[in-house]
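K.L.:
Residue numbers (my numbering): 1 to 194.
Hint data in this document are derived by calculation from the structure and do not stem from the laboratory.
Any given hint might turn out to be false.
Stated by the list, open to error - Simulated DEER-style distance windows between Cβ atoms:
no. : residue 1 : residue 2 : range
1   : 161       : 99        : 17 to 23 Å
2   : 142       : 170       : 27 to 33 Å
3   : 147       : 31        : 15 to 21 Å
4   : 138       : 43        : 17 to 23 Å
5   : 181       : 27        : 34 to 40 Å
Ideal Cβ placement from N, Cα and C applies to all residues, glycine included.
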Amino acid sequence: MAAVCVYCSSSDAIDKKYIELAAELGAALVEDGHSLVTGGGAVSMMGAIARSVRSHGGHTLGVIPQALLEFEVGDREADELVVTPDMRTRKAAMDNASDAFIALPGGIGTLEELLEVWTAASLAMHAKPVIVLDPFGDFAPLREMVDSLKHRGFVRPTALNVIEWTTTVEEAIKAIHRPAPEVFPLEHNEVRDV
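Produce the complete structure using the sequences and hints provided.
P.N.:
Listed below in structure tokens is the structure:
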């Protein structure tokens, strides 16, 4: 059983297909024997996946900064709700509690979280699976941009090996079980950008 951290939207302005995707992933995580780690919100996709996990008998850990809890968006039904003083502490707590990471479509917060764990994996700072579940193509521009950066020498080819791009919930669940690709630490004379 893995504790799977899911990054996703907390916006109420999104199409309901994204809410349904989050709920579907939540059910599949429990069916495969996993628990859930989230940013501790009760709204939008974040709330949908947490409710789905619990309704299917799974365990949820939410980690939320005090400032967001005060906006009354916290998942007070979480099996565990950890309140942190700030965003940086929140991300560290989520990382430490997780065995794998899945990014669903989201905004700049989701992108920041995805890029941080992706970068750390590419630098061999962790060997946890980093997975993007993108059935609607929302991450296609990011994927194209990073591929372009690789071709221009800004991103090492091995950095692209540590992330798995999936389009179905089934593929994402299978990716949790695959060992992370081996990434060697940078050599002294290697370019420092990942």
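K.L.:
Next step is simple, just say for each hint if it's right about the structure.
P.N.:
These are the hints, each one checked on the structure:
| no. | hint | in the structure |
| --- | --- | --- |
| 1 | 161 <-> 99: 17 to 23 Å | 19 Å, holds |
| 2 | 142 <-> 170: 27 to 33 Å | 22 Å, violated |
| 3 | 147 <-> 31: 15 to 21 Å | 33 Å, violated |
| 4 | 138 <-> 43: 17 to 23 Å | 19 Å, holds |
| 5 | 181 <-> 27: 34 to 40 Å | 28 Å, violated |
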